[in-house]
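**Student:** Position chains B, C and D against the provided structure of chain A, taking the given hints into account.
Number of protein chains: 4
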Amino acid sequence: MVSGKAIEKTSGPIRLGMVGGGQGAFIGGVHRIAARLDGEFQLVAGALSSNPERARASGAELNLDPDRTYTSFDEMAERESQRPDGIEAVAIVTPNHMHFPAAKAFLEAGIHVICDKPLTSNLEDAKALAAIARKSGRIFVLTHNYTGYPMVRQARAMVEEGLLGTLRLVQAEYPQDWLSEPVEQTGSKQATWRVDPAQSGAGGATGDIGTHAFNLARFVTQLELDSLAADLDSFVEGRRLDDNANILLRFKPKGSEHQPKGMIWASQVAPGHENGLKLRVYGTKGGLEWVQADPNYLWFTALGQPKQLITRNGAGAGPVAARVSRVPGGHPEGYLEGFANIYAEAARAIRAARNGETLSADVLYPTVDDGVEGVAFVDACVRSSKADGAWTKLD
Amino acid sequence: MVSGKAIEKTSGPIRLGMVGGGQGAFIGGVHRIAARLDGEFQLVAGALSSNPERARASGAELNLDPDRTYTSFDEMAERESQRPDGIEAVAIVTPNHMHFPAAKAFLEAGIHVICDKPLTSNLEDAKALAAIARKSGRIFVLTHNYTGYPMVRQARAMVEEGLLGTLRLVQAEYPQDWLSEPVEQTGSKQATWRVDPAQSGAGGATGDIGTHAFNLARFVTQLELDSLAADLDSFVEGRRLDDNANILLRFKPKGSEHQPKGMIWASQVAPGHENGLKLRVYGTKGGLEWVQADPNYLWFTALGQPKQLITRNGAGAGPVAARVSRVPGGHPEGYLEGFANIYAEAARAIRAARNGETLSADVLYPTVDDGVEGVAFVDACVRSSKADGAWTKLD
Amino acid sequence: MVSGKAIEKTSGPIRLGMVGGGQGAFIGGVHRIAARLDGEFQLVAGALSSNPERARASGAELNLDPDRTYTSFDEMAERESQRPDGIEAVAIVTPNHMHFPAAKAFLEAGIHVICDKPLTSNLEDAKALAAIARKSGRIFVLTHNYTGYPMVRQARAMVEEGLLGTLRLVQAEYPQDWLSEPVEQTGSKQATWRVDPAQSGAGGATGDIGTHAFNLARFVTQLELDSLAADLDSFVEGRRLDDNANILLRFKPKGSEHQPKGMIWASQVAPGHENGLKLRVYGTKGGLEWVQADPNYLWFTALGQPKQLITRNGAGAGPVAARVSRVPGGHPEGYLEGFANIYAEAARAIRAARNGETLSADVLYPTVDDGVEGVAFVDACVRSSKADGAWTKLD
Amino acid sequence: MVSGKAIEKTSGPIRLGMVGGGQGAFIGGVHRIAARLDGEFQLVAGALSSNPERARASGAELNLDPDRTYTSFDEMAERESQRPDGIEAVAIVTPNHMHFPAAKAFLEAGIHVICDKPLTSNLEDAKALAAIARKSGRIFVLTHNYTGYPMVRQARAMVEEGLLGTLRLVQAEYPQDWLSEPVEQTGSKQATWRVDPAQSGAGGATGDIGTHAFNLARFVTQLELDSLAADLDSFVEGRRLDDNANILLRFKPKGSEHQPKGMIWASQVAPGHENGLKLRVYGTKGGLEWVQADPNYLWFTALGQPKQLITRNGAGAGPVAARVSRVPGGHPEGYLEGFANIYAEAARAIRAARNGETLSADVLYPTVDDGVEGVAFVDACVRSSKADGAWTKLD
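Residue numbers (full-length UniProt numbering), protein chains in the order written: chain A, 1 to 395; chain B, 1 to 395; chain C, 1 to 395; chain D, 1 to 395.
Some hints could be false.
The list treats identical chains as one, so a pair stands whether inside a single copy or across any two.
Heads up, simulated PhoX-like pairs for lysine-lysine below, C-alpha to C-alpha not over 25 angstroms straight-line [as the list claims (entries may be wrong)]:
1. 285 x 393
2. 254 x 386
3. 285 x 135
4. 189 x 285
5. 386 x 252
6. 104 x 393
7. 189 x 254
8. 189 x 252
9. 104 x 127
10. 254 x 285
11. 393 x 127
12. 104 x 135
13. 386 x 189
14. 285 x 386
15. 252 x 278
16. 189 x 393
For the record, the hints were derived by calculation from the structure and aren't laboratory data.
So here's chain A without its partners, still in its complex pose (with noise of 0.2 angstroms):
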C-alpha cells in the first residue's frame, strides 16, 4: 500500500490502454466500466486479444481508433510511449501468465501498470516485476479490488483506531461453486484458463480467490504472516490444479503479544456459494464481520455490548468509508463501485505523478509489493501441501 496527499484535477480523464479483455472476458469489461465510472480515465488503445480478428472487432466494439488496435503488447508499448497523445497508464487483464511480459513492456517505456490479480504466475516473475517497477518509477497498482469498498475501509480504520483491542484471530473465507463439475471440459473460457497449470500458475482455487482472501485479512488487520499450513485438494476427477483450500495461518505478534492465529477456507467446489468472500476479526475488545456478497454492512460487536450494524455513509460510518462512497446510506453500492475506487485512487496517484505533487495520505491502493506478497501465499500453500501441512514461511 502507498499514499500521499489529496490533488486537483487538471485538464481530462487520463489516457489508458488495455492488454487482454476482448470479446468473451470478463474481468476487462469490469475494468472499463470501473475506468469510466467517475470519468477519470478514457480507453484510447488496446491490445485485447492475441487473435487478431478478435483484436481488431473488440477494438472496433469500444470505438477505438482501429490504428491503436494493437495485436501484440510490445508493439502497443512502443507505438504508445512514442505518441504525444500515447497512453500514461494501461491495464493488464490477461490470464495470469501474461502479467509479467506485459507488465514490464509498458513500465520499461515508461507507463503506469494497472495489473489485475494475482501478480503474476509464479514468485520468480513476481519478484523480477517488483524489481522492473521500482526501477521504473512508474505507478504500479495490482486490482485486489475487494479492498476499494467502503466497508472494507472502515474495517481497516476501526482495526487500526485500536476498537478492537490487540488482534487474536482472522477468518477469512472464500467459497465459490462455479468449478464444482468439471466445466473446463465442456468449454468454459473463464474456466479453461484458471484451471491450466501453464496460464494460471501453481495454485488453482488457491490463486484465484485464496490470494484475495489473503490479501483482504492483511489488508483489514495489517498483520504480518509468519507462516501457514495449507491442506490443498482438486475434488474434480482430472483437474490439475487445487480447487478447494483449508489453511491454517499464524501471524506475526506484535512485541509481547500472544501470536494471532487465523484460517483461510478458499472453495470453487462449494454448492451454494456464489462469490462468498467474508472476513471476520476478533481482538481482546471486540469483533467484526464483513461479507462481500451484502457489502454496505459492517458488523462490528464491542466485547460485552449490543452487536451493531454500522452502515456505507450511514451511522457509526466514518470519513475513511465516506471518501470512497458515492451515494447516501440505503443507495446499495456493490463490486463495480469498490473496483472503481482502485481505479480512482489509481487515477489520483497518476495525477500527482503528472503534477509532480505528493500522494495524500489517505489515498490507497494495492501496489506491486501485496502481489509479491499474494503470490508468495500461493507458493507457501503449495509447499505446504506437499509437506502434508508442514507449518512453512512465505519466501
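**Tutor:** Chains B, C and D in isolation, oriented as in the chain A frame:
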C-alpha cells in the same frame, strides 16, 4: 412503459445536457454516473444552477466547455438546438416545480428528455407536459430508477409468467428516517426544497418516496389502481408537507376475479430506516419479496414449497434480469447500476429514434404517462386524507 | 395487565383442569406443555372433547384419572369445585364460541381461568364475561402468548423507559399462508371452525391473528386506540369470514403531542409466510423491530446511531427480559417458552391468591379486559369495513 | 447412535435421579426442563451437590423427598437400586471429571444413565466407561443435545438420501465470546471448572464446544474421521486450557472416492458470538447450512438451483424432522426443545427396555461410543497441537 427491438450502437455516445445538478446537489451526480457507466452518453452542456456563479463553477468542475455552460435552461434549449453538435437529450434534475418548464422547453426544441421524478409539482402541469411530450414526438424517460434493478425486472417477469397465480395482495413500503427532526430548519439543502410546497408540490413523503413505492408496485404487478384511502401526517412541528403516509389500495380486478388489495407505507420519520423501499406481492399460487437495500436478492415462495432465494445472474433468474446485469451473480450490483439501466434503456430508445429503427420489445423505461399517474397518486392521497380517508380515485 | 410482588413457591404444583384440547386439536397440546415446562402445574382433570368417546380416549392418553375425565364442562366445574383436591385453575382451549359458557361456569364455581384468545366470539359475551370475572374475584388470564416472549417484554420496557422518545408510528403485521386455498372444504379441522362464524365470531383473520397483532402493539407501546379504518376481504371463494385485513390505526395522543398512527396487516392468504407476526415501533428518538419467527432478537436504532441487535439474555437486554428467560443468550428460546411464561405468570398470581399475598409488580399477563378490547377490535374492524372503511371507534 | 421400533407409553413417567445440578449450576436446570417437557420423566431423587448443605437446599427447592436427597452418588446408587420405587435412570450433570465414577456407580447398580458431554475427562476413563456400559446392558445416553434439533435430523436425512451427492467438504464452527477475558479469575462458577484441567480434562474450548461441533458434523454426515491437524491456543494470559482451536480434518473416503476434507473452528474468545455453532456440508450435488442460533431453518442448495429455506414442520421438511417437532412451522422451537428431544429418545429406549420391546429404528440418540469418540477427538487435538500440527489419528 414503452418497448421495441434491440439496436446496434452507432458512431459514439449520445450528446447529453443537464439542467440542475450543480454543486451541493445529490441527484445530479447520480444521473451523471448513470449516464457515464456504460459509455452511452457524454455530458457536453449544462444549466447546472440558477445561480450564475455556481453554474459556471459546476460546469468547470465537470470539464464542460464554458460556451456550453448556461445560466438559463431556455437559453440552453434554444442554443443547443441550433448547434450541429447540439445535445440530443437533456437530463432534468431540478427541484420538482422546475421539471415542467424545463421539460417543455427542451421537448419543444426537439430534444429528448430524461427527467427526475415526480414528473411535476402538480397534476395540471403533469397532464399538460404529457400532451407536450406526445406532440413533440420526442422520447421522454422518467427516472423511476428502482424499475431498473434486475431483480425488479425479474419479479415483473415472474408475475407476468403467472408464477404467482392471480394476484391478491400488494404490500409496499418506503420508510426513511432522515426527516425525523426538523432538519429543514437547520440548513439541509436536500430537506429544504423537499418540504416546501412551492418547490415540491402538495406531497412531501408522498411525492418524494411514496411515488417510488407506488410506481414499483405498478411496474411489478401491472395492476391498475382503482382507488385509495390515505392518512397523511406531518409529525415534525412546523413542517408543511406530509412526512408520513399510511395508505390503503384497491386495484382493478381482471374479469370476475376478486379485487386485489394493497397497502403503502411511506415515511421519513421512521428511525432505523435509511432507504427502506420494499415490495411484497402475493397471489393464489405464490408470493415474492424484494428489498431495495439488498437488491440482488428476490425471495419467491410457490405455495406449499420452500422459500427460494433467487439471485441476480444466479440460479432461478432469467434473461430479463440478465439483460440488465453487468457482472456475475455474487458480485453485488447496486443503486447506481439500477439507475444506469434506465439510462441504458433511454440510450437504446434514443439510438433507435436516431436510426429510424423500431425499438426492441424488451426495452422498458418509465414514461411521461407513468409520471402523470405518479402525480395523480399524490393528488389523490392528499384529497383522500383531507376527506378523512375516504376512498378516492385518481383524477 | 395486572401486577404484584414475587412470591414463594409453596407445597407443590397447581392442580389444573382443561376444557377442549382433545385428540386432533393443536392449541391444547401447547397449553399442556406450557403448563408443564416449569413444573408449576399438574393436569388432573379434563373435559377434553364434547364427543364422549374422544373425551375418554384423550384423558387416558394423558394419564388422567377416569373419574376426572368429564364429558361436560358444567359437570366438571361442579364436581371439581366440590372435591377437596379439586382443580384450582382451568385452561379453556375450545373454539371461540365456547369460551364464554365454559369460563362462566368455572369462574362461578370459584376456579381460576386461563383462557385462549380471542376472549369470546362476540362483544356482548366479552363484556358479560368481564363482569362475571370481576364479580368472581378469580384470576383470569388470557393467553395472548406473544406477550410472554422475553424480547417483547424488553421492547415494552425500552418504550416505557423513553428510549424511543414520543411514539409516532406503529407497524404491525401478521401474515400467514395456510388458508390460501379453501382447505376448510377439504377437511382441515383447524381451518373448519376458524372460518365458521358460528364458532369463531364475526372476525376470521381479524379474530384469529389480527387480535394478536393488535394486542402486541398495545402491550409494547401502551398506546390506547382512538379509532381504526379497515378493509376486510375473503379472497377464497365461498369463505364466510375475512382472510385478509388491511387496517389503519389512530392512537390517542398524550397531552398536546401529535396523534400516533399505525397500520395492521393480518392475512391468511399470503404465500411465503408461515406465522409472520412482526412489530415495529417508531418514536422521536428511536425505532425498534421484533419478528416472532426469530424471537430472541430485538433490533433497536437510536436516531443517528447504528442499528443494534439486542439478544435475549445478551448484551443490551435488561432484567425484564432475563426474568422470563431460562437459558443464556445464544441458546434460542421459542414459542413454547413464551407461552410457558404466561403460565408462569399465571402461577405466580394463583399462588399469591392461594397465600393471600400481594402480587409482585413485575408479573404481567393479559387479562379479561385485554380480551374485551380484542373482541371490540374485531367488532370495530367489521363495522368499519362494512362502512367502506370509515374511521370507527371501539365500542 | 442406536435404534429400534416406536413403543407405547405405559403406566406413567420414568423415575429419574440427578447427580450434580445444584444451586448455581446451569446445565442441571436445562436437563430438568428437558426431562419435564414431554411429561416422560419425574425427578424423584438427587445427589445435587457434593456440598451437603447445598445438596439439601437444592433438593428442597425441587420438592424432592428429603430421604432421597443424597450427599453422595455412591450412596444414591446403592439405596435407589434397592427401593422398589427406585430411580430407573439418572442424569449426570457434574463437571467432566466426575462423569466416570458417577456413571460407573449407576450402571453397575443397574440404572440407565443420561450423561452430559464430554463423556469423561480423559480417554482412558472413556474407554473404560464404554466397557462398563456395554457389560451392564443398561442404556447410556450422552446429551450431545444439538443432535436433537429437528433441522439437524432433517440435514442428516438429506445427506443420507443422497441430495448432496458424494460429500466433499465439512465446515463446522463454534465460536463464543464469554471467555474473552479471564473471568475464571473473578469468580465465574461456569468458567472456573471449565478452564481447570483437573475437572475438565486436557481440552478447554476443544472439550467444551469443539466436541459438540465434531459430533454434529459426524451426526449429519456420518463420515468417519481419518485424522486431524490442530493448532490450539490459550489467548488469555494464565489460562491453562485452550480457548481457541483451529483444526483441519480428513475423513475416510468411501470406496474410491476422493477423501472428504473439513475444518473446525472452536473459540471462546471471539467477541460477537454468543453460542455460534454452525455446520455446513458440501457434496457433488448440493450444499447445506445450519446455524444453531436460528435452528428452525435449514438452507439447502442443489447445485445450479436457487438456495432453499427449509423450515421445521414447513414445506420441504420431512417426517424425520416432524417426528421431533411439537408445534407447526413458523412457531419457533429452540434449545430446550432440542435438548428435550434427547430425553424423549431416551424415554423411548428406556420404555422399550422396561417392556422388553425392540426399539424403533427411527429413535436416535448419542451413545457412550459417540462419547468415546468425542474424548478421542479432544485427545488427538491436544496431541496434534503439541506436535506442531502434525496429522494425527484418533486413538
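**Student:** Now tell me, hint by hint, if it's right for this structure.
**Tutor:** Going through the hints against the structure:
In this assembly of identical chains, the alpha carbons of residue 285 and residue 393 never lie at most 25 angstroms apart, being 29 angstroms within a copy and 36 angstroms across copies at closest. In the homo-oligomer, the alpha carbons of residue 254 and residue 386 lie at most 25 angstroms apart only across protomers (23 angstroms), although the nearest pairing inside one protomer, at 30 angstroms, exceeds that limit. Neither within a single protomer nor between protomers do residue 285 and residue 135 lie at most 25 angstroms apart by alpha-carbon distance, with minima of 43 angstroms and 51 angstroms respectively. In this assembly of identical chains, residue 189 and residue 285 lie within 25 angstroms of each other by CA distance solely across copies; the values are 23 angstroms between and 46 angstroms within a copy.
In this homomeric assembly, residue 386 and residue 252 come within 25 angstroms of each other (Cα to Cα) both inside a single copy, at 24 angstroms, and across copies, at 20 angstroms. For the homomeric pair residue 104 and residue 393, neither the shortest alpha-carbon distance inside one copy (28 angstroms) nor that between copies (49 angstroms) is at most 25 angstroms. With identical chains, the CA atoms of residue 189 and residue 254 are never at most 25 angstroms apart, being 45 angstroms at best within one copy and 33 angstroms at best between copies. In this assembly of identical chains, the alpha carbons of residue 189 and residue 252 never lie at most 25 angstroms apart, being 40 angstroms within a copy and 34 angstroms across copies at closest.
In this homomeric assembly, residue 104 and residue 127 come within 25 angstroms of each other (Cα to Cα) only inside a single copy, at 12 angstroms, whereas the closest approach across copies is 62 angstroms. With identical chains, the CA atoms of residue 254 and residue 285 are at most 25 angstroms apart within one copy only, with a shortest distance of 16 angstroms there and 43 angstroms across copies. When the C-alpha separation of residue 393 and residue 127 is checked against a cutoff of 25 angstroms, the pair qualifies only within one copy, where the shortest distance is 16 angstroms, while the shortest distance between copies is 40 angstroms. In the homo-oligomer, the alpha carbons of residue 104 and residue 135 lie at most 25 angstroms apart inside one protomer (11 angstroms), although the nearest pairing across protomers, at 60 angstroms, exceeds that limit.
Proximity of residue 386 and residue 189 under a CA criterion of 25 angstroms is satisfied in neither setting, with 29 angstroms inside one chain copy and 46 angstroms between copies. Taking the shortest Cα distances, residue 285 and residue 386 never come within 25 angstroms of each other, neither inside one copy (38 angstroms) nor across copies (28 angstroms). In this homomeric assembly, residue 252 and residue 278 come within 25 angstroms of each other (Cα to Cα) only inside a single copy, at 22 angstroms, whereas the closest approach across copies is 29 angstroms. Taking the shortest Cα distances, residue 189 and residue 393 never come within 25 angstroms of each other, neither inside one copy (34 angstroms) nor across copies (42 angstroms).
Taken one by one, the earlier hints fail for this structure at numbers 1, 3, 6, 7, 8, 13, 14 and 16, listed in ascending order.
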